[in-house]
Amino acid sequence: DTGVSQDPRHKITKRGQNVTFRCDPISEHNRLYWYRQTLGQGPEFLTYFQNEAQLEKSRLLSDRFSAERPKGSFSTLEIQRTEQGDSAMYLCASSLGTSFGTQYFGPGTRLLVL
Amino acid sequence: AQRVTQPEKLLSVFKGAPVELKCNYSYSGSPELFWYVQYSRQRLQLLLRHISRESIKGFTADLNKGETSFHLKKPFAQEEDSAMYYCALRWVDSNYQLIWGAGTKLIIKP
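Residue numbers (my numbering), protein chains in the order written: chain A, 274 to 387; chain B, 11 to 120.
It is possible that part of the hints are untrue.
Derived DSBU-like pairs: lysine-lysine, alpha-carbon spacing no greater than 35 Å straight-line [what the hints assert, rightly or not]: (1) B:K25 - A:K284; (2) B:K119 - B:K83; (3) B:K115 - A:K330; (4) B:K83 - B:K25; (5) A:K330 - B:K119; (6) B:K25 - B:K119; (7) B:K19 - B:K67; (8) A:K284 - A:K330; (9) B:K119 - B:K19; (10) B:K32 - A:K287; (11) B:K19 - B:K83; (12) B:K115 - B:K32; (13) B:K83 - B:K67; (14) B:K119 - B:K75; (15) A:K330 - B:K75; (16) A:K287 - B:K119; (17) B:K67 - B:K119; (18) B:K32 - A:K330; (19) A:K284 - A:K344; (20) A:K284 - B:K19; (21) A:K330 - A:K287; (22) B:K32 - B:K67; (23) B:K25 - B:K115; (24) B:K115 - B:K19.
Chain B regions said to be covered by chain A (calculated; three or more residues, Cβ under 8 Å) [claimed, not checked]: (25) 50-64; (26) 67-78.
If you're looking for bench data, these hints aren't it; they were derived computationally from the structure. From the three backbone atoms N, C-alpha and C, an ideal C-beta is built for every residue, glycine too.
Full structure from sequences and hints, please.
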């Protein structure tokens with residue numbers, strides 16, 4: 274297992290288009306997180322899954338954003354009707370289901386909305 | 011609301027000099043504090059966490075609840091320490107999400 278993977282690594286899209294990102298966590302990890310990072314800032318929490326259940330969503334996650342983890346393994350993050358303000362690095366992390374589980378991060382998907 | 015502040019966006023020190031990266035937090039309860047590091051062209055990775063009380067790559071960090079700080083220190087900087095460093099906080103009932111500082115870019119000059 275080479276760690277958390279994300280696909281694609283880069284995405285350029287036009288405003289108004291829909292985009293979907295995929296995250297494959299470390300195989301035995303039951304917790305999965307999505308973060309967004311803009312230039313000069315630390316990551317901001319978007320949403321969190323425990324197995325297939327989405328347990329928490331940030332207020333940052335507008336109605337245009339949706340995330341799924343249908344079988345408790347990989348996850349997808351979809352952004353509908355993209356806006357220029359959605360341009361950011363989207364990070365996925367996973368952890369074991371213990372109180373002190375370290376979050377392991379993927380390389381991120383960099384989104385540019387033109 | 012919980013907040014993590016890293017007051018320095020950039021810190022530049024000479025090789026062999028001591029390094030201190032500052033992190034302050036606001037939270038009234040008992041937090042878990044972390045330092046993550048991101049080397050050039052690499053992903054974010056955990057450097058250390060306060061509950062482990064360990065030294066990683068010569069770095070240490072002590073949680074000071076009185077000053078609400080978790081500063082990262084290393085007595086003798088090495089060129090390979092050049093990276094972005096992020097302080098992060100996790101609190102009770104947070105569903106294990108992390109709140110992050112804006113990061114400090116550490117440059118070690120030869």
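Structure-based check of each hint:
1. Among the hinted pairs, B:K25 with A:K284 is inconsistent with the structure: their alpha-carbon atoms are about 38 Å apart, more than 35 Å.
2. Between B:K119 and B:K83 the alpha-carbon distance is near 17 Å, which keeps this suggested pair within the 35 Å criterion.
3. For the hint linking B:K115 to A:K330, the alpha-carbon distance of about 29 Å falls within 35 Å, and the restraint holds.
4. Taken as a hint, the B:K83 and B:K25 pair is honoured in the structure, with Cα atoms around 14 Å apart against an allowance of 35 Å.
5. Among the hinted pairs, A:K330 with B:K119 is inconsistent with the structure: their alpha-carbon atoms are about 42 Å apart, more than 35 Å.
6. Straight-line distance between C-alpha atoms of B:K25 and B:K119 comes to about 6 Å, which keeps the hinted pair within the 35 Å bound.
7. Only pairs whose Cα atoms come within 35 Å are accepted, and B:K19 paired with B:K67 is accepted, the gap being roughly 22 Å.
8. Restraint check for A:K284 and A:K330: the C-alpha separation of about 23 Å stays at or below 35 Å, so the hint holds.
9. A hinted pair counts as satisfied when its Cα atoms are at most 35 Å apart, and B:K119 with B:K19 qualifies at roughly 17 Å.
10. Annotation: proposed proximity of B:K32 to A:K287 is violated, straight-line Cα distance about 40 Å (limit 35 Å).
11. With a CA separation close to 16 Å, the supplied pair B:K19 and B:K83 stays within the 35 Å bound.
12. Among the hinted pairs, B:K115 with B:K32 is consistent with the structure: their alpha-carbon atoms are about 12 Å apart, no more than 35 Å.
13. A threshold of 35 Å between alpha carbons decides the hint, and for B:K83 with B:K67 the separation of about 11 Å falls inside it, so the pair holds.
14. As the CA atoms of B:K119 and B:K75 are separated by approximately 33 Å, the hinted pair is consistent with the 35 Å bound.
15. Distance check on the hinted pair: A:K330 and B:K75 sit about 29 Å apart at the alpha-carbon level, within 35 Å; holds.
16. For the hint linking A:K287 to B:K119, the alpha-carbon distance of about 41 Å lies beyond 35 Å, and the restraint is violated.
17. With a C-alpha separation of about 18 Å, the suggested pairing of B:K67 with B:K119 holds against the 35 Å cut-off.
18. Annotation: proposed proximity of B:K32 to A:K330 holds, straight-line Cα distance about 30 Å (limit 35 Å).
19. Proposed proximity of A:K284 and A:K344 is supported: the alpha carbons are some 25 Å apart, at most 35 Å.
20. About 28 Å separates the Cα atoms of A:K284 and B:K19, which keeps this hinted pair within 35 Å; it holds.
21. At roughly 26 Å between alpha-carbon atoms, A:K330 and A:K287 fall within 35 Å of each other, so this suggested pair holds.
22. Proximity of B:K32 to B:K67 is assessed by CA-CA distance (about 18 Å); at most 35 Å being required, the pair is judged to hold.
23. Under the criterion of a C-alpha separation no larger than 35 Å, the hint pairing B:K25 with B:K115 is consistent with the structure, at around 15 Å.
24. As the CA atoms of B:K115 and B:K19 are separated by approximately 6 Å, the hinted pair is consistent with the 35 Å bound.
25. Counting residues of the segment 50-64 of chain B whose beta carbon lies closer than 8 Å to any beta carbon of chain A gives 6, which meets the minimum of three for the stated coverage.
26. Coverage of the segment 67-78 of chain B by chain A is violated [criterion: at least 3 residues with CB-CB distance below 8 Å; count 0].
The structure fails to meet hints 1, 5, 10, 16 and 26 from the earlier list, while all remaining hints are met.
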